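Chains B and C supply the protein sequences, listed in that same order.
If you're matching positions, the first sequence starts at 1 in the numbering used here and goes up one per residue.
If you're matching positions, the second sequence starts at 115 in the numbering used here and goes up one per residue.
FYI, nobody ran anything at the bench for these hints, they're computed from the structure.
Values in this document were obtained by computation on a predicted structure and should not be read as measured data.
Note that CB positions come from ideal geometry on N, CA and C, so glycine has one too.
The reader is advised that the hints may include incorrect statements.
[Said to hold, decoys possible] Listed below are the simulated DMTMM-like cross-link pairs for lysine to aspartate or glutamate, each with C-alpha atoms no more than 25 Å apart in a straight line:
#1 C:Lys-220 x B:Asp-59
#2 B:Lys-71 x B:Asp-56
#3 C:Lys-220 x B:Glu-1
#4 C:Lys-215 x B:Asp-59
#5 C:Lys-163 x B:Glu-62
#6 B:Lys-18 x B:Glu-1
#7 C:Lys-215 x B:Asp-38
#8 C:Lys-220 x B:Glu-70
#9 C:Lys-220 x B:Glu-53
#10 C:Lys-215 x B:Glu-62
#11 C:Lys-220 x B:Glu-62
#12 C:Lys-215 x C:Glu-178
#13 C:Lys-215 x B:Asp-56
#14 C:Lys-215 x B:Glu-53
#15 C:Lys-215 x B:Glu-30
#16 C:Lys-163 x B:Asp-38
#17 C:Lys-163 x B:Asp-59
#18 C:Lys-163 x B:Glu-53
#19 B:Lys-57 x B:Asp-38
#20 C:Lys-163 x C:Glu-180
[Said to hold, decoys possible] So the derived label-pair ranges between C-beta atoms look like this:
#21 B:Ser-80 x C:Glu-129: 33 to 41 Å
#22 B:Asn-28 x C:Gly-176: 26 to 34 Å
#23 C:Gln-159 x B:Glu-79: 39 to 47 Å
#24 B:Ala-2 x C:Ser-140: 30 to 38 Å
#25 C:Pro-154 x B:Gly-16: 27 to 35 Å
#26 B:Thr-86 x C:Tyr-153: 34 to 42 Å
#27 B:Glu-1 x C:Glu-134: 46 to 54 Å
#28 C:Tyr-153 x B:Glu-70: 28 to 36 Å
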Amino acid sequence: EAQVTQNPRYLITVTGKKLTVTCSQNMNHEYMSWYRQDPGLGLRQIYYSMNVEVTDKGDVPEGYKVSRKEKRNFPLILESPSPNQTSLYFCASSFASSGVYGYTFGSGTRLTVV
Amino acid sequence: AQSVTQLDSQVPVFEEAPVELRCNYSSSVSVYLFWYVQYPNQGLQLLLKYTSAATLVKGINGFEAEFNKSQTSFHLRKPSVHISDTAEYFCAVSRGGSNYKLTFGKGTLLTVNP
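Same shape as in the complex, but just chain B (with noise of 0.2 Å):
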């Protein structure tokens, strides 16, 4: 099944302790990204990544990082989470050939970081 899988798909954590939040996905996709989601505000990016090696920053990129080392995986790291940082994330993928497939996102990572 095609799909986008995150994990995990809760935590909870304190301040200070880095997490990494993994997705992955087997369609073969050029492009990832991350969003968060926030009541009120709907979902803003945080990071892109247009193929391996090649990531930019999104529209809140402050606080995270990125890496693109395999086609299949873009993690999401948090080196030092703080309580603003609590939100809902979606790990997202398509074709690179245009944007009229819309993406496909996976299934949500719920943060709280206390």
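Given chain B's structure and the hints, the job is docking chain C onto it.
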């Protein structure tokens, strides 16, 4: 830059009533437009998309949307809603071509009451 405005943050309706969720976009170039649905505690699922073919687009679950270039709108409609349509709906825009970014609106919560 592209942007999306969803004109209603919440839309309550009764079961079997028609519904329209409004979306306006802003872009200086041709665009692709999308509607996504998010059921409670789930990820985003593509409902339908406009990619410069027919202006009336039919999607899943009986939804349709009409692209209106002169009014820069892409409103989502359903003639008769069900309880199971209760969800949050997001309008999104992409410029396509080499720009893959999807920009989302802030969402409209559709609540269908018995």
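Hints, one by one, checked against the model:
1. A hinted pair counts as satisfied when its Cα atoms are at most 25 Å apart, and Lys-220 of chain C with Asp-59 of chain B qualifies at roughly 15 Å.
2. At most 25 Å may separate the alpha-carbon atoms for a hinted pair to count; Lys-71 of chain B and Asp-56 of chain B meet this at roughly 15 Å.
3. For the proposed pair Lys-220 of chain C and Glu-1 of chain B, the alpha carbon gap of about 30 Å is over 25 Å, so the pair is violated.
4. Of the pairs offered as hints, the one joining Lys-215 of chain C and Asp-59 of chain B holds, with about 11 Å between alpha carbons and a cut-off of 25 Å not exceeded.
5. Our distance criterion of 25 Å between C-alpha atoms is broken by Lys-163 of chain C and Glu-62 of chain B, whose separation comes to about 31 Å.
6. Our distance criterion of 25 Å between C-alpha atoms is broken by Lys-18 of chain B and Glu-1 of chain B, whose separation comes to about 32 Å.
7. With a C-alpha separation of about 19 Å, the suggested pair Lys-215 of chain C and Asp-38 of chain B falls inside the 25 Å cut-off, and the hint holds.
8. At roughly 32 Å between alpha-carbon atoms, Lys-220 of chain C and Glu-70 of chain B are farther apart than 25 Å, so this suggested pair is violated.
9. With a C-alpha separation of about 31 Å, the suggested pair Lys-220 of chain C and Glu-53 of chain B falls outside the 25 Å cut-off, and the hint is violated.
10. Straight-line distance between C-alpha atoms of Lys-215 of chain C and Glu-62 of chain B comes to about 18 Å, which keeps the hinted pair within the 25 Å bound.
11. This hinted pair checks out: Lys-220 of chain C and Glu-62 of chain B have alpha carbons roughly 21 Å apart, not beyond 25 Å.
12. For the hint linking Lys-215 of chain C to Glu-178 of chain C, the alpha-carbon distance of about 23 Å falls within 25 Å, and the restraint holds.
13. Of the supplied pair hints, the one linking Lys-215 of chain C and Asp-56 of chain B holds, its CA atoms being roughly 11 Å apart against a limit of 25 Å.
14. Between the alpha carbons of Lys-215 of chain C and Glu-53 of chain B the distance comes to roughly 18 Å, so the proposed pair stays at or under 25 Å and holds.
15. For a cut-off of 25 Å, the pair hint linking Lys-215 of chain C to Glu-30 of chain B stands: about 13 Å separates their Cα positions.
16. Restraint check for Lys-163 of chain C and Asp-38 of chain B: the C-alpha separation of about 24 Å stays at or below 25 Å, so the hint holds.
17. Proposed proximity of Lys-163 of chain C and Asp-59 of chain B is supported: the alpha carbons are some 23 Å apart, at most 25 Å.
18. Distance hint between Lys-163 of chain C and Glu-53 of chain B is unfulfilled; the C-alpha atoms sit about 30 Å from each other, more than 25 Å.
19. Restraint check for Lys-57 of chain B and Asp-38 of chain B: the C-alpha separation of about 19 Å stays at or below 25 Å, so the hint holds.
20. About 10 Å separates the Cα atoms of Lys-163 of chain C and Glu-180 of chain C, which keeps this hinted pair within 25 Å; it holds.
21. Our hint of 33 to 41 Å for Ser-80 of chain B and Glu-129 of chain C is violated, since their Cβ atoms are close to 48 Å apart.
22. Judged by the Cβ atoms, the range 26 to 34 Å given for Asn-28 of chain B and Gly-176 of chain C holds: they are separated by roughly 32 Å.
23. For Gln-159 of chain C and Glu-79 of chain B, the Cβ-Cβ distance of about 32 Å falls outside the hinted range of 39 to 47 Å, so the restraint is violated.
24. For the pair Ala-2 of chain B and Ser-140 of chain C, the beta carbons lie near 32 Å from each other, so the given range of 30 to 38 Å is met.
25. Between Pro-154 of chain C and Gly-16 of chain B the beta carbons are some 32 Å apart, a value that agrees with the proposed interval 27 to 35 Å.
26. Restraint check, Thr-86 of chain B to Tyr-153 of chain C: a C-beta distance of roughly 22 Å breaks the suggested window 34 to 42 Å.
27. A beta carbon spacing of about 34 Å between Glu-1 of chain B and Glu-134 of chain C contradicts the range 46 to 54 Å that was offered as a hint.
28. For Tyr-153 of chain C and Glu-70 of chain B, the Cβ-Cβ distance of about 31 Å falls inside the hinted range of 28 to 36 Å, so the restraint holds.
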